[in-house]
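Colleague: The working numbering runs 7 ahead of the 1-based position in the sequence shown.
Bear in mind the hints are in silico, worked out from the structure with no lab data behind them.
Please note: incorrect hints may appear among the correct ones.
Think about it this way: if two alpha-carbon atoms lie no more than 30 Å apart in a straight line, the pair counts; the simulated BS3-like pairs of lysine-lysine are [what the hints assert, rightly or not]:
id	residue 1	residue 2
1	LYS86	LYS134
2	LYS287	LYS252
3	LYS86	LYS118
4	LYS134	LYS118
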Amino acid sequence: MRDYKNVRVPGKYRRTPVRTTVRRVDAGMGRGKRNSPAAGALGTIIALILTVALCYGAWEGYAWLTHAEMFLVAGVDVKGVHRVREEEVRAMADLFTGQNIFRVDPAAAVKRARANPWVEDVRIERKLPNRISMEFTERSPRAVLLAVNGRYLVDSGGTVITAVAQGDPVLAAMPVVSIRDWRAVPGEPVTGGVLNDAFTLLDALAARGGWEPGAVTVKADSAETVAIIYANREFRIGCGNYEEKLRRLGEIVSDMNRQGIEYTAVELRPERQAAVMVVKDRNTGHGVRGKGKKQRG
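Hey, can you work out the whole structure from these sequences and the hints?
Modeller: Okay, structure coming up:
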């Protein structure tokens, strides 16, 4: 085997390596920019002038918008008002009338509107060029709350709305929820008793039928003492499982009526037991049926 390491190659077969030469070419403009402080200062001055001009134009535009007569509020459109008094609505509208539409404070007006217990929410919008729109969402009474300091309307969310005087026609049409140890404050939620359970019971009564809403009072001091007062009788049923309890109560009442037994109270107990407080017999002085009656299956 031949060793090609030390073989000489003839000159005619040798190639001269190609070398790349890099030259720098001065175009003339780059150096001028780098070395011209006057041009940089001029650009800065022009930018500053443009900025000042834009700020001045924006200020003049703002001044014109906030003082132009065409943008003075000429009226307020009100929607959704049924129970808020008209004078209160006018007082809210007066906050805008005559002011520039871009300078009114909707947040302040919303805060004032929500101070009214009837108002659940209000949406205020600008209507260019010169009108304001106010759309109210009012609270809907769910029941009459009988508190320690009087009767009050309360909505389904448990917020106290306003006081109700004795003899008000609304009392004849709405159920009553009694919470003896709670003091009601208009605009504040009810946190005492078991108001939500009372509402659930009222819904169950409405679904079952046969109960006149305006004649129903639900005692809701605590979960253990939930009771219905109806037709001068008290039905103590406790909290929860209202559909089944009302069915049992219906069987007991039907049994009492069938036997002609006068009673003042019924208390449902576990294991299909029920206590019935009967009216005393005038002749004997004893009740027709004492407590501890077992419900018939």
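Colleague: Decide, hint by hint, whether the structure agrees.
Modeller: Comparing the hints with the structure gives:
1. LYS86 <-> LYS134: holds (14 Å)
2. LYS287 <-> LYS252: holds (26 Å)
3. LYS86 <-> LYS118: Holds, because 17 Å separates the two Cα atoms, which is no more than 30 Å.
4. LYS134 <-> LYS118: holds (20 Å)
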